[in-house]
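Chains as they are written, first to last, in our numbering: chain A, 1 to 230; chain B, 1 to 230.
Hints in this document: simulated from the structure, not taken from any laboratory. Yeah, the Cβ is synthetic: ideal placement off N, Cα and C, and Gly gets one too. You may find that some hints are simply not true.
[Unchecked claim] Calculated lysine-lysine pairs in the DSS-like style (CA-CA distance at most 25 Å, straight line):
| no. | chain 1 | residue 1 | chain 2 | residue 2 |
| --- | --- | --- | --- | --- |
| 1 | A | Lys4 | B | Lys199 |
| 2 | A | Lys183 | B | Lys154 |
| 3 | B | Lys154 | B | Lys133 |
| 4 | A | Lys56 | A | Lys4 |
| 5 | B | Lys199 | B | Lys183 |
| 6 | B | Lys183 | B | Lys133 |
| 7 | A | Lys133 | A | Lys199 |
| 8 | A | Lys183 | A | Lys199 |
| 9 | A | Lys154 | A | Lys199 |
| 10 | B | Lys133 | A | Lys133 |
| 11 | B | Lys183 | A | Lys4 |
| 12 | A | Lys183 | A | Lys4 |
[To be verified] Selected chain A positions facing chain B (Cβ under 8 Å, derived; list incomplete):
| no. | residue |
| --- | --- |
| 13 | Leu3 |
| 14 | Ala7 |
| 15 | Leu9 |
| 16 | Ala12 |
| 17 | Val70 |
| 18 | Met113 |
| 19 | Ser140 |
| 20 | Phe205 |
| 21 | Ile223 |
| 22 | Gly227 |
[Claimed, not checked] Here are a few chain A residues that sit away from chain B, every Cβ distance over 12 Å (derived from the structure):
| no. | residue |
| --- | --- |
| 23 | Lys4 |
| 24 | Ile20 |
| 25 | Arg26 |
| 26 | Asp37 |
| 27 | Asn59 |
| 28 | Glu93 |
| 29 | Ala101 |
| 30 | His114 |
| 31 | Leu121 |
| 32 | Ile131 |
| 33 | Lys133 |
| 34 | Asp142 |
| 35 | Gly171 |
| 36 | Met204 |
There are 2 protein chains.
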Amino acid sequence: MTLKAQARLREAEVIIGYRIYIDLIRSIVRPEQEVVDSGMTREVERCTMAVERAAKGQNVAVVSSGDPGVYGMAGVVLELVRQLGVENSVTVEIIPGISAAQAAAASLGAPLMHDFAIISLSDLLTDWEVIRKRVEAAASTDFVIALYNPKSRKRVTQVEEVRDILLRYRGSDTPVGIVRNAKRGDETIICSNLAEFTKEEIDMFSVVIIGNSHSYWWEEYLITPRGYEL
Amino acid sequence: MTLKAQARLREAEVIIGYRIYIDLIRSIVRPEQEVVDSGMTREVERCTMAVERAAKGQNVAVVSSGDPGVYGMAGVVLELVRQLGVENSVTVEIIPGISAAQAAAASLGAPLMHDFAIISLSDLLTDWEVIRKRVEAAASTDFVIALYNPKSRKRVTQVEEVRDILLRYRGSDTPVGIVRNAKRGDETIICSNLAEFTKEEIDMFSVVIIGNSHSYWWEEYLITPRGYEL
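Construct the complete structure from the given sequences, taking the supplied hints into account.
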């Protein structure tokens, strides 16, 4: 958490967020602050409440995990301010944070030292064909790739399709790191490679980072060289 | 800055970094801490000193701007630990931070709500042909694109080449945001579009964010819809 995020949370009169993310910040919530948490898939409802409260003059903090600007709630909040026509009574400030790929990267070593693509495999809001083409584009031009939402209980084959696309462009020993609950208390790290990684346990709390053609494992570190002469 | 970065800086006996980045943290340096700053292009020298000091038992903090794991010093430090063979006497901890694209995104609104590619246009360490192909791949599959090091005094035509590639795939009114010194004291923000943005002032302290086919400007906000029904 950044110093600014902490300061803004402390100033807020109302804190709104997904229950699991609210639980991560309980320790800094003061008793006089109102907390509104709710379950998954209720993002729009929560953000609507936040914007309506703000329009009435309250200081509201919407909590995202990671960076609210990376697949987070920043966009929904702005779209709702626009849709509800309250731009004259609401000021939105977006506080960037540490996105899951960065937290995972820091735990793995230094995989994001070169150009990288961040791709969510969730096809709830995006056609799988669009996602698949992005994977192929990034695979064919040697981007380091970070996969968000790589696998869920209902969606299990996509990550295998991604592996097959990657294997057409990169060696089977290309390093792959899987980090679950990156930088939270119960983080787990798996060191694998392109041929094998789909056999590991992967879920919606995991980020998968696939190295480029220069990446390598050294000890337990995943390193992508930047290209400096050492 | 994150709480953890601040804590680690306070614990450090020696703080090493590029002069401009050290200046950003002067206010939290204590008099008894040793500070070693030096100029640009001396990254390897600084990191070598840091690793050597750590191998002698000192608590050393290497300061990067943004996220040390994103084109930063994390990789060089790990590679030097390996090369100097001091892995048994040095423990490396990488503290993720807010990379320039995220800081710029937060100032622009919410452009990174969907799959995105981060590409450095600096061809000092990477062949331009590799960079060009990555731009084309990301352009052709509708990634939001963040350009680091878009232009320097000596390197001025690349960003125009990028514009021409993008224009083959996206409309000339595709929103483009340029943020200079994102989230530093003297930040400047330019709202532009794909046809016009290269006419603006762009330099090595700028990040250029190019929207995907759904991105739009609303008021002064650059928004990429995530796809939720509102």
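Legend entry - Broken hints, by number: 1, 2, 6, 14, 15, 16, 20, 23, 28, 29, 30, 31, 32, 33 and 34
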